[in-house]
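Asker: So the chains spell out like this:
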Amino acid sequence: MDFSLLLNAIIAGLLLGGFYAAVTVGISISFGMLDVVNIAHPAFIILGSYIAYIVNANFGVDPIVVSIVALPAFYLLGAGIYQIFYVSFEKRGQDSLRGLAFFFGLLFVTEVVLVLVFGVDYRSVDASYIGASLRLGPLEFPYRMLVPCVTSLIMFAGLQIFLGRTFIGRAVMAVSQDPLALRLMAVDPTRIKRIAFGISIATASLAGACLIIIQPVIPSVGRDYIGRIFAICVLGGLGSLPGTLIAALLLGVIESITSTFYGPSWAPAVSFGILLLTLAVRPSGLLGR
Amino acid sequence: MRTPVFVLIQLVLATLFYLGLRFFGNDYLFFAGYTVLQFIILSTAWNILGGYCGYVNFGSAGFFAIGAYTSVFLYTIGQSPEDIFPASILPVAQAIFPLPVPIIIVIAGIMAGLVGLGTGYLTLRLRGVYFAIATLALAIVLQTLVVNWSFVGGSRGAYVIPPNTVPVIGPYIQYLFILMLLMTIIALTTARLIERSRLGVGFATIRDDELAAEACGVPTLKLKLVATVISGALMGMAGAPFPFYIGYTEPGSVFDLGYAVNTIAMPLIGGTTSWAGPLIGAVLLGTMQQVATVTISSAVGLLIVGLLLVGFVVAAPNGILGLWQGWFGKRSKP
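Chains R and B, in that order, are what the protein sequence lines are.
This note's numbering numbers the first residue of the first sequence as 36 and each following residue consecutively.
This note's numbering numbers the first residue of the second sequence as 146 and each following residue consecutively.
Treat the hints as calculated values from the structure; they're not laboratory data.
We treat Cβ as the ideally placed atom computed from N, Cα and C, and that holds for glycine.
Treat the hints loosely; a few may be bogus.
[Said to hold, decoys possible] Distance ranges between label pairs, derived from CB positions:
1) R:Arg200 to B:Ser442: 48 to 58 Å
2) R:Ala192 to B:Ser342: 54 to 64 Å
3) R:Ser159 to B:Thr148: 37 to 47 Å
4) B:Arg147 to R:Gln250: 58 to 68 Å
5) B:Ser442 to R:Gly115: 27 to 37 Å
6) R:Arg317 to B:Leu452: 33 to 43 Å
[To be verified] Coverage of chain B stretches by chain R, computed from C-beta distances (three or more under 8 Å per stretch; other residues unrestricted):
7) 188 to 201
8) 225 to 236
9) 265 to 276
10) 286 to 294
11) 408 to 415
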């Protein structure tokens with residue numbers, strides 16, 4: 036086995052894994068902490084990609100800048116969706132079946148609307164760093180991967196600090212453990228969950244910009260990420276951000292090695308294998324409670 | 146109504162339906178009718194697990210594809226048995242292949258049932274949502290496998306060329322249509338039988354409160370596995386004639402997310418508590434999509450299905466049957 040090929044595959048995997056962390060962190064919050072199974076998350080990521088694409092194609096603004104500007108809009112979208120979800124499903128009692136179908140419908144509607152508006156052509160963005168690489172001896176870091184990875188890690192660190200240090204953040208952690216106790220502390224769990232869900236959707240904006248820097252995007256590409264996102268989330272342990280990061284890097288490396296040595300068409304099967312293996316062997320994940 | 150009477154009524158209705166379409170003498174009607182029947186089977190199958198047990202299966206396209214690709218696989222063997230089998234068993238193989246479509250349907254059902262059993266065994270012991278996610282990922286993995294499997298055409302797709310006509314019935318599409326009609330009767334009868342048996346009561350306890358059911362001694366895992374296998378097998382059977390219907394099978398069209406959305410939307414819009422719900426949903430949405438495909442475009446048809454799904458689960462969680470009972474104050478027999 037070629038050593039430098041393996042080394043570069045691992046580096047590419049780590050860079051990819053950093054990006055996967057950004058894609059998954061939203062689900063880690065909504066599914067892991069709030070117990071809202073938002074399978075529509077990939078659709079919002081693709082929406083973020085398309086917003087970055089529209090602004091980039093018309094005004095030449097860097098996609099990451101666009102996504103940061105779009106964060107409040109995504110937050111409001113998320114808060115609105117949670118409100119509908121709360122009134123229609125959570126308040127009426129535990130009916131997970133219809134809640135799941137609701138998000139599945141959202142996923143599908145978003146995808147079909149994007150298809151009707153933009154067609155099924157691949158869309159990509161322009162930025163000065165796409166195409167160039169940072170070289171350190173035999174190691175190669177393409178900026179196309181490095182920029183999303185660093186952006187993702189910054190966002191990830193920011194969320195970790197937010198959840199651990201601020202009042203709202205700690206309330207989010209608390210609501211994931213015991214909503215009733217939170218209510219006894221005179222905090223409205225629904226409000227906290229709405230904020231947290233808004234944040235989880237807001238991460239999709241940044242993740243979407245990162246996605247379209249890494250690869251050209253079509254509306255259906257979000258589906259490839261559903262398996263990946265949930266595999267990472269479950270492998271890391273529900274609701275654990277450090278676990279999510281470790282699992283994301285792990286999956287990135289395994290996928291990268293698989294596609295380097297066995298061909299990229301096998302990569303989608305990796306995440307499913309990991310998901311099934313985790314569910315069968317250790318359903319609580321690596322760092323699960 | 147007793148089951149034999151129910152079957153008899155269905156047979157009469159099916160015959161009338163078939164003769165009615167034949168009266169118009171337009172093969173397009175059979176092509177359109179085939180699609181609607183396919184959706185009736187798929188959504189009835191989905192409802193056995195989803196509606197009766199409360200476990201969501203997002204992988205309908207995966208189970209459907211198992212059926213379709215079992216068909217492609219067996220057809221491809223049947224085209225040139227001499228290339229595949231060693232000379233010693235070749236005469237036997239030549240006597241068996243090519244298999245008639247009804248036998249392929251049975252084999253496809255067994256294959257899809259086995260996959261359902263495997264997936265269910267690994268994930269049904271956990272919370273229901275894990276099963277939902279696993280089925281969603283299952284479809285993607287099966288697609289990966291098929292894309293990498295050149296024997297069934299890989300990503301290029303495979304041709305399955307049916308004969309133009311069959312004896313007695315006439316055009317081949319009418320033969321497939323009759324098979325679909327029979328399968329629809331099997332699916333609806335199965336669903337109705339389950340509903341009225343101890344099995345159905347067991348399923349309902351799982352849906353209403355799994356923990357309490359388990360505590361009362363209901364073998365929940367076993368029942369869930371039974372539901373998954375029946376549901377998966379019916380979906381696989383619905384997929385088996387598809388390559389013969391479409392002629393050219395490729396992964397993108399068989400694993401279309403539209404199947405998953407339709408099979409979930411139809412029972413939820415029709416109503417999940419009874420066998421009639423998926424039937425109503427499938428007939429309405431299936432017909433609507435055929436009309437939309439001809440007049441506007443199939444993407445718009447799918448968009449309407451998605452919007453209806455979201456609208457119904459938010460505003461009318463018990464579907465059309467629930468609205469009906471609400472308006473007329475009548476409760477259908479359990």
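Asker: Range first: 58 to 68 Å. Now tell me if the beta carbons of B:Arg147 and R:Gln250 are that far apart.
Answerer: Distance hint for B:Arg147, R:Gln250 holds at roughly 59 Å.
Asker: Is it true that R:Arg200 and B:Ser442 lie within 48 to 58 Å of each other by Cβ?
Answerer: holds, 51 Å
Asker: Within the assertion that chain R covers the segment 188 to 201 of chain B, do at least three residues meet a Cβ-to-Cβ distance smaller than 8 Å?
Answerer: holds (count 4)
Asker: Examine the segment 225 to 236 of chain B: at least three residues should have C-beta closer than 8 Å to a C-beta of chain R.
Answerer: violated (count 0)
Asker: Take the C-beta atom of B:Ser442 and the C-beta atom of R:Gly115, compute their distance, and say whether it sits inside 27 to 37 Å.
Answerer: holds, 29 Å
Asker: Count residues of the segment 286 to 294 of chain B with a Cβ under 8 Å from any Cβ of chain R, then say if the count reaches three.
Answerer: Per the Cβ count (6), the hint holds.
Asker: For R:Ser159 and B:Thr148, compare the CB-CB distance with the range 37 to 47 Å and indicate the outcome.
Answerer: Roughly 59 Å apart at Cβ, these two residues miss the hinted range, so it is violated.
Asker: Do three or more residues of the segment 408 to 415 of chain B come closer than 8 Å to chain R, measuring C-beta to C-beta?
Answerer: holds (count 3)
Asker: Are R:Arg317 and B:Leu452 spaced within 33 to 43 Å by their CB atoms?
Answerer: For B:Leu452 against R:Arg317, whose Cβ atoms are near 40 Å apart, the range 33 to 43 Å holds.
Asker: Between R:Ala192 and B:Ser342, does the beta-carbon spacing fit 54 to 64 Å?
Answerer: 56 Å Cβ-Cβ, so the 54 to 64 Å window holds.
Asker: Tell me if chain R covers the segment 265 to 276 of chain B under the three-residue, 8 Å CB rule, please?
Answerer: Satisfied; 6 residues make the cut.
In this structure, the earlier hints numbered 3 and 8 are contradicted, and the remaining ones agree with it.
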